[in-house]
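S.K.: Chains A and B, in that order, are what the protein sequence lines are.
Letter by letter, the first sequence follows residues 996 to 1479 in the working numbering.
Letter by letter, the second sequence follows residues 9 to 692 in the working numbering.
Heads up, some of the hints might be wrong.
Below, a sample of chain B positions facing chain A; criterion: calculated Cβ distance under 10 Å [what the hints assert, rightly or not]:
#1 LEU143
#2 ILE458
#3 ILE499
#4 GLN502
#5 VAL533
Derived BS3-like pairs (lysine-lysine); straight-line CA-CA distance at most 25 Å [as the list claims (entries may be wrong)]:
#6 B/LYS390 x A/LYS1357
#7 B/LYS390 x B/LYS372
#8 B/LYS390 x B/LYS379
#9 B/LYS30 x B/LYS379
#10 B/LYS282 x A/LYS1357
Since the hints were made in silico from the structure, they are not lab data.
Here the structure is a predicted model, which means the values were calculated and not measured.
In this text, a Cβ means the ideal position worked out from N, Cα and C, and glycines have one as well.
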Amino acid sequence: MPLSFSFWGHAWSVEWVVLWTDALLYVLIVAAVLLALYIRRHPPLQRPWSRVVRSPMAMGAAVILAAYAAIGLLDSVHVRLPIAPVKGSTVRYYSPELLSVFDLIAGPLRTHTEYSYSAPFATRLYTQETVRLPDGQTRREYPRLKYGGAGLKSAAELGGDVCARVARALAEAGAAWLVAAAALTWRLARRHRCAVWQMALRCLRGDTQVPWRTIGLTFGVVLALGWSAGALCTHYHILGTDEVGRDVFYLSLKSVRTGLVIGTVTTLVMLPFALALGISAGYFRGWVDDVVQYVYTTLNSIPGVLLIAAAVLILQSYMDRHAGLYDTVAARADMRLLFLCLILGITSWTGLCRLLRGETLKLCEADYIQAARAFGVGHGRIITRHILPNVMHIVLISVVLDFSSLVLAEAVLSYVGVGVDPSTISWGNMINSARLEMARQPAVWWPLASAFIFMFALVLSANLFADVVREALDPRTKGRGGER
Amino acid sequence: MSEERLLEVEHLTTIVHADGAKVHAVDDVSFSIGRNETFALVGESGCGKSLTALSLMRLLPEAAEIRSGSVRVDGEEWLSMPELRLRDHRGGTVGMIFQEPMTSLNPVMTVGRQIGEALLRHTDLRGKAVRKRVLDLLAQVGIADRERRYGDYPFQLSGGQKQRVMIAMALAARPRILIADEPTTALDVTIQAQILELMRGLQRERQMSVLLITHDLAVVSEMAHQVAVMYAGQLVERAPRDAFFARPAHPYSQSLFAALPGRNRRAGTLSVIKGTVPPLDGAFAGCRFAARCESAAPVCAQDSPPWTRVEEGHEVRCHFARETQARWENGKARVSVAAGAAGLPAQSAARPQPSELLTVSDLKVHFPIRKGFLKRAQGYVKAVDGVSFQIRSGRTLALVGESGCGKTTVGKAVLQLIRATSGEVRFQGVPITRLPEARLRPLRSDLQIIFQDPYASLDPRMTVGSIVEEGIAALRTELSRGQRAQAMERILGQVGLPPASEARYPHEFSGGQRQRVAIARALAVGPRLIVCDEPTSALDVSVQAQVLNLLKRLQDELGLAYLFITHNLAVVASLAHEVAVMYLGRIVEQGDAEEVLDSPRHPYTQSLLGSAPVIERVRTARPPPTQGEMPSAIEPPPGCHFAPRCAHAMPLCRERYPGVTRIHAHHSVRCHLWPAASSLPDST
């Protein structure tokens, strides 16, 4: 869909492309927002969530997750830029290269590619090259990088320059943080009807129901790190470059979207299976139950990796034979990503389905369901009004718990070679290439380390968040308050 | 005197931390138990009885802590004793029995080992001596075939046997004090009689002191020597048994008595205690019962009443203890005169014969037991095996029986929630047993149900408004949204709920109020017959009275018929017009309520009536309780199902199931003692 708008005085004209995974992500966001609104309007559903909101650990983790989500979302709006038109032609052509909004923002990061490996903050390549000198002779040396530290006269200035930039970035980040904190405090003070300074004091003492102190602290750390990285990454390769000279920091950030897609879209694929089959097995019993049980027992007894490998390889050969189906490389890679989500979803619904079947079996004996049946309420209404809201906590718990394991599964599958398309930037692919990088002498350690750090931060915060959610929603844990 | 006291509790105060608030669950409680004495702690749920017992043993949950007070056993202070030494006393000096025998035993350990464990911990017995001692204990608690039971797992035992095993465990180390926390609440009435008998015998034999915690005044009347009544974390009355039952002096104790349903309260409504127990997280200015007390004076709301001694050993925490006691004695005389004059309630004879509403004939519900690969039916659980009865409009039929006799299944089969295997249910002459669900729907508004547990019968995620509205929306589709709202408001008013309750959620209500919501839900669709499945058995006695009164009033106003399923004979007596007694899937006796309750013919009915504990001013000798427990419905005994437990069983009883004998027009029985030919023998 071509879009034209003007921005900062420039007339932009781009084509908006919606990839399959983009569309599913949008659907997920809309669904999440609707669910949040629904929960807000129903106090019994809202009660456990207010416990999540009051937990410092959950909210700290949520800030980090939000940062990841922001990157992932910016990376999920894709456009094709116009090619400069041929003189005299009115037809506008768009580049075959698919860029995301994130790519446009991080422009220099994407375009600053070196010749090959370079270490973090290096000014020279990591490998020796043969250079032809002006006088015709050749020499083996570590050539200067084209972009990394390009403005420096000598390597000795590196430390000072970096420190100066970081100091400036931190000062700017601090100012931005103060502005944000002041705005927030002012709003809180309005809501609680007290003076701004009193509110600020309460926040500092941690004397608020929502742990604003923790949120502010985490936000400050994220802001400081992000701002410094942003200030440095235009002049240095802060996490080095990979084999073909791409900036590893850029790769790590691009991988965020892949991880998020795998972690969330898979759930979207899995949920309908698990909900429909699990609830109908538990509710209708009889032959429906038998069929569902046979299906998931069979599916469970096939090794997941085997099934995924077979499915991905079949898709691969199909795509190779029908190369014309996709107009860009990105669309093709996206198809494979989506397919991986599908197959991961199909192999992972069984656990949740079994839980839901058991819970539904139990709920069906509950007196309020019997009462509804005594009113002649139809099956559909009983399921949607009584059973679904009462199993929702199980669904939410398993969704948040599954997220991190799916992100890790992507890494494992890509490492084995049956994961995402090799052209898709993902932590799994970065780790896969690290196989050779770690084996060479001297070892290239930074791509692996970067993938590890980024993935670790995401999975750790997702796990911490999931822990609190599980505790708040699980009826077996104490303190559900009021319900018996 | 003090050297005779075995357990002395003084000023015990325990608080529970809940959501930031401090709940004074046990507040300044003092009592003492003498040697060889049974001390009963009575009160409704949530008044702090169990927490008192746990405080004595220092077995409190993490959120609770003992603030002050002293607990002395044999003069030794327990609250400051090191944990290690106290452990010798727990199970050693003091044994404990819990309410729920099903969950108090470890399911993966044999009975013998579980009892043996207590012996290993507290005695020097080892090896074979342990086994011998365990077998002795099993014999003492009356377990038949003890050699086999020794190696059995808990799931192989029935509920009564499990409670016996629990008692054996508690007694293993020869404790000097036995704490029994609602020991028979989860048991059927005939089993309850057996267990109470056993506890009485053991107490005499072993010279133990017993702390009995219960909500059931009748059990207290049968067991206790001393009684203490607990209300809102405090003791309000302490008295010897006879004085307490003859002359209760606290308004709360008196209202507990007045709220009990029973034979002599058939005609009128039960008296109720208004309101509910106050929350215990604040400080109390005056008497804790003042807000609910009928005769509260201004002083009650200001000053906390001190202990007043009304007679030897009888102390009351009330400003007007003597006046209250005197009022009781006068009132009692008046009530007995009134009951004598009124005689049988008039309504049974005077009214014109109402039309027949529901006819159940030869109803059978058999559940197949499927086994093996192809899931073929290998046998049947004959939950309901040929039941017939009629209910006329505006009348109440009580279906009485112990748990597992199939009474709930009958209720669900009448509503077609479970489909009958054979037999017929006619509603207003229309057979409904084989109607498809769609044709049944119009009838759904005539037949409704109220469940036992008001906590489980309301969807926790729906507002009261939408719970009540659900039925209207499903069955009375002709109503507009506005009409629906009006109808709902009227119904909530009818059951005595504030109109603002619509927008609230079930967890915001107390048990009694929740049961009102359940009643409102059933009423909303305008039923003619309501199946009440033990609607009061999960409620406290004062709340039970409120709900029974409400049901009675609704019957008078709306002409409802009730199929009232219950195990509680006192409730039957106060509410039912007709009674049907069920045993193992069949009705063994049915007839007019007065007839059946006054002159029961079937030995099972007699034993039910005989086993139910009753409140007596002076204790009298009781006939021995019926032995054994209800057999399984998979393989019912040949002949009369009750024969193996029956004291009058004849050889004929073990061969043939007895036919129906009509004693007279409104009373029939199935028993060989009443052969059809010689009907109307002299009544016993």
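S.K.: Compare the structure with each hint and give your call.
M.R.: Cross-check of the supplied hints:
1. LEU143: Violated: closest Cβ of chain A sits about 39 Å from B/LEU143, beyond 10 Å.
2. ILE458: holds (9 Å)
3. ILE499: violated (14 Å)
4. GLN502: violated (18 Å)
5. VAL533: Check passed: Cβ of B/VAL533 comes within 7 Å of chain A, closer than 10 Å.
6. B/LYS390 x A/LYS1357: holds (23 Å)
7. B/LYS390 x B/LYS372: OK: B/LYS390 and B/LYS372 at ~8 Å, within 25 Å.
8. B/LYS390 x B/LYS379: holds (17 Å)
9. B/LYS30 x B/LYS379: violated (54 Å)
10. B/LYS282 x A/LYS1357: Violated, because 36 Å separates the two Cα atoms, which is more than 25 Å.
Checked against the numbered hints listed earlier, the structure breaks hints 1, 3, 4, 9 and 10; every other hint is satisfied.
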